[in-house]
Structures are given as structure tokens and as C-alpha cells.
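> The chain contents come next:
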Amino acid sequence: MIRAVIVMNTQGKPRLVKFYDFQPPEKQQELIRSVYGVLSERADNVSNFVEADAIFGPGTQLVYKHFATLYFVFVFDSAENELAMLDLIQVFVETLDRCFKNVCELDMVFNFNKMHMLLDEIIFGGQVLETSSEQVLKAVEEIAKLEKSSSAISLVPKSVSARFGR
Amino acid sequence: MAGGSSSSTAPAPSLVDSLFQRSLDDLIKSLRSQPAGAEPTLLSRALAEIRREIRSSDPDTKAIALQKLTYLSSLHGLDASWAAFHALELLPSPSPLHKRLAYLAASLSFHPSTTDVLPLSTHQLRKDLSPSSPPPFSSLALHLLSLSASPDLARHLAPDLLPLLSSRSSPPSPLRPKAAAAALRALSVCPDVVPHLFKPLVDCLSSPDPRVVSAAVGAFAELASSGDPSSYLPLAPEFYRLLADSRSNWILIKLLKIFARLAPLEPRLAARLVDPLCDLLRRSSAQSLVFECVRTVFSGLPDHDGAVRLAVDKVKDFLASADDPNLRYLGLRALSMLGPRHSWAVEESREAVIRSLADPDPNIRREALRLIMGMVFDSNVFEISILLVNYALKSDPIFANEILDAVLTTCGRNVYELIVDFDWYVSLLGEMARNPHCTRGEEIERQLVDIGLRVRDARPELVRVARDLLIDPALLGNPFLCRILSAAAWVSGEYVEFSRNPLELVEALLQPRTSLLPPLVRAVYIQAVFKVLVFCFNTYIDRLEISRLSSLGNSTTGGASSIIESKSTAAASCIADGTTGIESNDGIAIGDKPASLFSSIENKDPFTCESLTNMLILIETAVDPLAENDEVEVQERTRNVLGLIHMLREIPTWKTEEQGFIKDNRIGEIVNLLQSMFSEELGPVSVNAQKRVPVPEGLVLEENLANLAWTLAEDDTAPFMSISFSLRSHQHGETKDNAASSVQSTSLLAEHRKRHGLYYLPAEKDGTESNDYPRANDPLLPASQGDVSEDLVKLTDQSLIPRKVKHTKPRPVVIKLDEGDGVSTSPSTTVKESKDDLLSGAIHDVLLGKERKPSSSQKKYSDKSSRRRVKDVSDNGESVSLSKEKLDLGDREHRSSGSRRSKHRSHGKERHTSPQKNDEKEEKNHRNSTRSSHHHERHKHRQRGEALLDVAPQAPVIQDFLL
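Heads up: the protein sequence lines correspond to chains A and B, in order.
So the first sequence is numbered by the numbering used here: it starts at 1 and just counts up by one.
So the second sequence is numbered by the numbering used here: it starts at 1001 and just counts up by one.
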């Protein structure tokens, strides 16, 4: 299964963190730091795989991709295929790109909820659920529509919900 | 950060709070605009704010507070477990937004082991899972279940998962694949739900919706890879059908994962897989699928040569892809999955593998190194090790040490079983020590000493290597090498009889830069000096004796000399052997030339009265300042050496003439006494040696050291005193050191410098002070990567494949002690959780159609006592073994056909090769046998390890399919 999805910038600041086997927050931060320590050492023209036994336990591997200022990191075990995970990162990034129209780091910073919504449509409980970014976007739009329609009749006309709707 | 108490003392949120509440965006903006270093204060302020707001009765305020907390917890590592109840409070909210925020918070922070309010969510989850609630709600509930279901939660909600899992609505429901993922979690945390969920999950495999199939196949791949795969053998026909039909690479990859686990259990299945796998290998354009095929062939079907051949060709394509390091890396990984039986595959790609040692990617280099080390046999260990150690000189420090590590581990494996020529290996160890990047001092130290103890024939070479290391002043400044130098000093002291020039050795051991060594290593150095000193005197006296007797014998009796000579063989003959070119046939030449200590190196015979006197002076000068050293080991050894020197000095005949030695036998006695101290050979000690030592009578080891406290209390002033003492002595020692180097021995040092420029820097500066010695081996001028790998490939024109090589020398005796000696600790046995057992037992039940009555099982499951559950499983175990026996009988009848039998035999062989699996099986079998009551006694006597594999033919489905 997929153990974790981490998006962080090239300074090591996490932008999206999702662990599929539970880790307490302090431990998460520690793991993120170790991953950053490994990734920041690596040159640009090398392979995208790192054996992660020392960080995430025996049998785990890590695949990452470097886009602009961001690292996209997937951690997985022997039940997943390495190249398929690499493709899945591509799917995830493409989906983000279509969703935010030329995604950049700032989009990720201010769209915490939406990032999780998108990710949950692609990976569900550590299992790959959907690999077509079109389907993912459709599902996310449906959820947004539902929330909008219910907030219209809501008695609190705050701008908050509009913000969440992004 | 606000402590836990602040939430109880914080004032209730006012209307103002909710009106002017900061949104998540506001919080993020304030965090982004903060000056560096202010984050902790800002976070604790935000947290205090959240603690206040989250208690609001207004759901909007609460939801926003929860959202902010989730954000801070997820990305800034703040603890959110205290807010679990607030997340629960929001779960039933009718607003989809609030509900989603609550579920998000719960899915990121809930876990059965830490969230004690988790059972409270059961009702709400059930409500959201019900078909009447909107699909997005069900989706959220499924998501939470798939991440944080506890066994209890899984058990209670399994019936609610069922309709979602088996829905057959005409536009396929998007919830069904999600339900499959949640079912996977439920099955793996709580085997009790198997009767409810397993069949529907199997049905998902035949769904027309590819997403459902994909989720179900993924779930089975997960179950098969984490537990006992044999339970899923009966599903093989279904998987096989999918393998033929499916066009989705994702599904195919997962199917291959399952088959990779199943194929080793069932040779007939493996045979059936060859064709579809080869087909996929040939026509698929997706590299991920091709790689998965290769992996399945290598790990599951290593006996099918055609498939292996095809897969190896694909791997070659991977290795040849110049522009994609990922494929090169995976290609190497794939090769390392092949066992030693298929070493031809590595041999065929030898050039690519060796080229990979120079790859810019450290992963690829490491993988190539691993492959090469896997190809080492006793016939080629020589070439490969030399190649690698030379290559380590040119590579970067981290990889250089990985290479050294690999070579050391491989060569030292199982008490050096690969090494035939120990002289070569010992000099290789010396070369490794001289690698400028070497940080593996400890292992090299261990092996140097170990070989010294175990391999008698290697000692002369060992002493030579040690000498080369010791006389090099450049090595002394490197803190990673001091352990090696320590071993070298010990070796040259212990086996000094093989030394060509003990006097030179003493100089090396006392050279000025030894002050850079840590105290413990210095102590070893000084002890080595002690041993050398005793040896020199002993040899000298023995020779005098011989010459005296032989001169006597020349005149009077001829027989006496030969007797004495044979008596003093040990030392004298060693010198004769060890020193090539020294004319020591009879030792008559001694004392003819008035040789100085320093010219004696070029001189034929090192031991003259004068050289020994000079040696005494040198030792005394160098060692004297250390008599006041702070470190007790150093001080102690120094005192020993000085004590011996003083004792020798006190004998008045010492200075007069050589014959004095003979006349005054006291020196001879002293030296003989000391020599006997060191003459006993040290051997390796067995790990069990301590156990075999009988406890002497009257020694009570168990008794409490009760009066130790009293003794300590008695002189509790001692530590203080010793501290002050050591401080004083430290200063004293320093001044003395200075004085010694400046006044007393200037002339000696000057002479030393004159004769041994080697030990000193060319400049006039004192070498002892500066640490900037040139490196022992400066790395060669950086050659271009291509050249390096070119060289490498050229160097390894010799095949990696083992060849029959005639060894010119027979392998020397390597002392091995009892069985456990030198063998690393046994691989950790995998402790299988009983949960897996429960799961596979339950699955057996379902697949064999032995369904118990749901009502009774329900009752059993609701009983939480573990004893009860174990009993339940024991029923399973019995039923399984019973049915197995039946099938066994049936099997035996079939075995009349020969082909069948041979298959079974090979199967059995395979079983023996995988110890881990055997372990599991044994454990399982054991459990079965202990559980089954006494009238199943016969099972206990059945051969162990048979229990599980016979399950394969037991399943009727697979019988039909395979035959």
C-alpha cells in the first residue's frame, strides 16, 4: 500500500502531508525532516527512487519528483510498483494543474482543504482509487456543488464558506 | 504552546470572538508574514485562540477553529488529539462543509491506539453509510473507516458496509471501490468480519466497472502480501481470468503482485503463468508493467528458463537506457532478485553493471556494488576485491566506505571462507587502511587481530603490513585510523619474532607524532614497545650464549653448541627466517662491528650491545614524560617499561662489556622471566568459553554486594582528592614534557631527524605540533567519468563467473572454534501475529463453504475475551487439518503417475530452501497441534512443515482449473 504522501518545498517546509498508517504529529514532522535530508542531498539528474528502510521501516521505498520549488514524495511498500507510483505522482500533479490552472506553491499553501479533497479521490486508504484526473475533478466539483447549494440556504451569510469553496 | 490547563481556564467564547474570528486564510497569512524566529509564539497564540473558539456553541465558529487546528497539526506538527471530541461533535452536522471539515480532522488525527472517543463515532458512521444519506457523506465515512477503523468499529459496521460493497446500480456507484478499500482495512484489523465481507469482495472481481475490479484486486494484493498467501490460492482461477481479460495496466500490475506470491506455492500455477507473462513482456509498452513482469518471473518462476531468458533481455534494455536513470536503477534491482543459479544473467550484463559503479546516482552505484559482491566466489575474490579497493580510491568518500564495507563483510564472512591466500588479504587490509576516505577502522582492526589469532601462516605478512602502517607518520593524524594502528601495534608486539627489524619498529612506535593518538591506543603502543624490548634482549642473550658455546665447542667439545642451539631455536631461528640476508647461521658475527643504533638498520645484525643501549636510551627518553600521564592505562604501561629499564640499568656489568651478560646471569634471568610471560600464544576465544569455566570453590557470585555501599561511604572524599591530584599531575606532566623535548633530548632528536627525514616534515617546523601532514594517499587527479568506467571494464575482462583456478598455495589452517563462532546472529525470526492466522483461518472457512451459522458466530464475536477467540480458531485449525488429511489420502492414490510425484518432490525441495516460510509453517503447525485436543494426537506426529502446503491441492476449485 501507499504509506504516505508528502508535498514539501525545496526548503523542507511541508505543504501537504497525508500518512496512511497513523503517525502522531511530532513523528510526522521528524519523518518529513529525514525525507528532506535525503532529498536535498540528491542531484537533479539521478533516479527518482530512494530506499526508505531507515526512515519508514523495512521494505519501504520512496519515489519523488521535483517540480519548480516543490518535491512530491510518495512512500510505499512492496505491494506497489515503482514506476506506477511515479506515474501516479504525474497524475496527481496533472490534476492539481488542471484544478488550479498552472498550479504553483502558493495555490497549495492557501488551499489546504481542496488539496486533501483531490488527494482523497486519487488515493483512498492507501490504495490507488482513480488514475484519471478528469474523473477526479468531476468528483471534486460535485462535492463543491453540494456544499454551495447547502450554504446558500445557510443562515450565516459569512464569506467563509466562499473561501472554503475554492 | 498553551498547556492542557488553559482550556479549562479559558473564558467562554463571546459573541465578539465569533464575529471577529480569524479564518484559516488569515492564519496562514499571519504565519507567512511573521519575522523569522517568531513562529513558536505565533503558533501558541493561535492555539490559545483555537482552544477558546472550539468550545463555541456556534457550529461555524467551531468548524473554523477545527479547520485551523487541523492545518496546524498537519503541517506544523501541533498535537490535535485533545480536540478529538470536538471533531466528533461536528460529525452529525447537516452542513456538508462542516461535516467534511470534521471528517478531515478525524481522518488526520484519529487512531484506535490514541483516540479513546473513537467508539462514540459508531452511530454517526452508520448513519452516514446508510443508503439514504447523500453519497458524498458515505464517501467521507468510508474514508475515515479505511484509515482509522478499530477492530470493534470494523465489527460493528461490517453489516453497513455490505450494501455499498455489493451495490449493482446501473450507473456504477462511485462508492463501491471506496467500500472495497474500507473492507480491506476492516478485514486486516478484524478477521471476524470475513464471513460478512469476503464473499462480496470476491464478487467485486467480476464487476463490469473497472474501478471496482481495480480496488478489489488491490485489496487482494494487499492481503496476500501482508498475510499468508496460501489462503488465496482457491481464487487463482478468478485472478487468471482477469489476467487474460483486463486491459488496465494498474489491474495487471496488482494481479502480477498476487501471482508472484502464489506461484511459489503451486508449481502447476507457475507453469500456467508462463505464457501470459511472456506475452505481456513481449507486447506491453508500459515500462511499469514490463518491470512487474520481470519481477514476477524472477521471484516466482525462476525455474522456467524461457521466461527468465526473455525477462533478462528486457532487463538489458533497462540497463541500456542511457537517458533514464530510473530504468537503469530498476534494471540492477531486478538482476539482484535473481538467485545465484542465474548468475549468467549478471555475467551477460557485466559491462553495464561495472559501468554503473561510476554512475552519478548513488543508488545505482550501491545497487551495482551489491550485485558485484553477490558474484564473489573464492576463485575471483582476488580480482574483484583489488578492483573495488582501487576504485574506492577514486570515488567519493561515502561510496568509498560503502565499497570498503562490502569488501570487508564479504571477505570476512563465515571466518574468511572465501580467502585462500591470506598474505594477499592482509596486504589488502593494509591498502584499505591507506584509503584517504577510510572510516572503517574498527572492522579492519578486528580483522587484523582476528587473522593474527586464527591464521598462524599469515603472521609474517601481518607483521610486515603492520610495520608499513606504523612507520608512516602521515597516518597518525587521522582519527579514523587510530584503531587500525592500534591493531598494527598489537600485532607487531605480539608477533615480534617475525619482524625484520625490531629496532626500527621501536622507533616507529615511539615517533613524535604518536602524541596525536588517543590514550588507549598509546597504551597499546607502549605495551608493544615493552614486548619488543623483551624480545630484543632475549634474542641477544641467546645469541651470546650460542656464540660463547660454539667458540668453546670449537676449541673443546663439538656437541655442546648444537644442543644449546636447538634449545634456543624459537627466537634465533625466527630471526634467521625473518631477516633475509642477515648472516646468522651461527651468530658468530655479533659484536664484531661497533654499530650504532641507527646505522644498524642497514647493518646486517641489529643486536649489539651498543644498539641495545641506544634503544634503552631512546625508549626511556620517549616514554619518560608519559609516566605522569593522566590516563591510567598509559601511565601503567609506561611504568612497566621504565621499571624494566631501571632494573636492567642497576646491574653494574651492563656497561662494561658483552661478556658481562654471561658472567652476571641476573639479566638473563630477568629477561627469561619476562619472555616467558609473553611467549604463550594467544588464541581466539570461543563465545561459549565463559560458560565452560568452572566457578572456583568458595567463590560466591550470587551474593549481594551489600557492604559495598558501606565501603563507598567510608571514603567518599576519595573522588575529590583524585581529581585534584590528576589536575596537578597533568600540569606537571606537561611541563616535564616540554622540558624533556627542549633540553634533555635535543641532541637525540636532532640525530633522529637527521637519519630519518622520513618521519619529519621538510620544513624546520616541529612536526609534532602541526596537524597538517600531507595525506597518505592523495586521490589521483580526477579523471573523467568515462575513462574511469572504461578502465574498470578493462580491468574486469576476466570473467565474474567462477573459474577453476589452481591455487599455487594450499589454504592455511584457519582456527575455527565451535559452531557459533564467527557466524553472525541468526536472522530474526518473523513473529507472525495471531491476527494473520485468524484471518487466513477465517478465509479458509469461507472459501471452503464451511460457513458457520451467522447467528452463533455473531454471538461469539461479540464476546471480546481473547480466550474465547482462540478457542474459536482452534476449531478452524481442526477443520482445516481434517480436510487436509482427507485430501492427502486422495492425493496418495493419484501419486501412481510418475510425473506427478516428481513435481511434488521438487515442491518439497523448494520448501526447504525458504527458511522463513518454514518457520511460519512450523509455528502454525505447532499451534494447530497444541490446540487440537488429544484425540488428534496423530497430527502431532506428522512431519512438521507439511501442514500448510497441502492446503493447495485441498481446494477443489484449483484442482479443476489446473488439471
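Any given hint could be a false lead.
Stated by the list, open to error - Derived SDA-like pairs: lysine to any residue, alpha-carbon spacing no greater than 20 angstroms straight-line:
#1 A:K65 / A:L119
#2 A:K13 / B:T1409
#3 A:K27 / B:W1082
To be verified - Derived CB-CB ranges, DEER-like:
#4 A:E134 / B:P1094: 38 to 48 angstroms
#5 B:E1697 / A:E51: 50 to 60 angstroms
#6 B:V1117 / A:D21: 13 to 23 angstroms
#7 A:K148 / B:K1029: 52 to 62 angstroms
#8 A:D53 / B:D1116: 43 to 53 angstroms
#9 B:R1692 / A:A43: 50 to 60 angstroms
These aren't lab readings, by the way, just hints derived from the structure by calculation.
Virtual Cβ for every residue (Gly too), placed ideally from N, Cα, C.
> Does K13 (chain A) pair with T1409 (chain B) here, judged by a C-alpha cut-off of 20 angstroms?
violated, 39 angstroms
> Does the Cβ pair K148 (chain A), K1029 (chain B) satisfy 52 to 62 angstroms?
violated, 24 angstroms
> Against the 20 angstroms threshold, does the CA-CA distance of K65 (chain A) and L119 (chain A) hold or violate the hint?
holds, 16 angstroms
> With respect to the beta-carbon atoms only, verify the hint that V1117 (chain B) and D21 (chain A) lie 13 to 23 angstroms apart.
holds, 21 angstroms
> Taking the beta carbons of D53 (chain A) and D1116 (chain B), is their distance inside 43 to 53 angstroms?
violated, 33 angstroms
> For the pair we were handed, K27 (chain A) and W1082 (chain B), check the Cα-Cα distance against 20 angstroms.
Holds - the C-alpha atoms of W1082 (chain B) and K27 (chain A) are around 17 angstroms apart, at most 20 angstroms.
> Given a hint of 50 to 60 angstroms, does the C-beta separation of R1692 (chain B) and A43 (chain A) actually sit inside it?
holds, 56 angstroms
> Does the Cβ pair E1697 (chain B), E51 (chain A) satisfy 50 to 60 angstroms?
holds, 57 angstroms
> Does the beta carbon distance between E134 (chain A) and P1094 (chain B) stay inside 38 to 48 angstroms, or does it fall outside?
violated, 31 angstroms
In this structure, the hints that do not hold are numbers 2, 4, 7, 8, in rising order.
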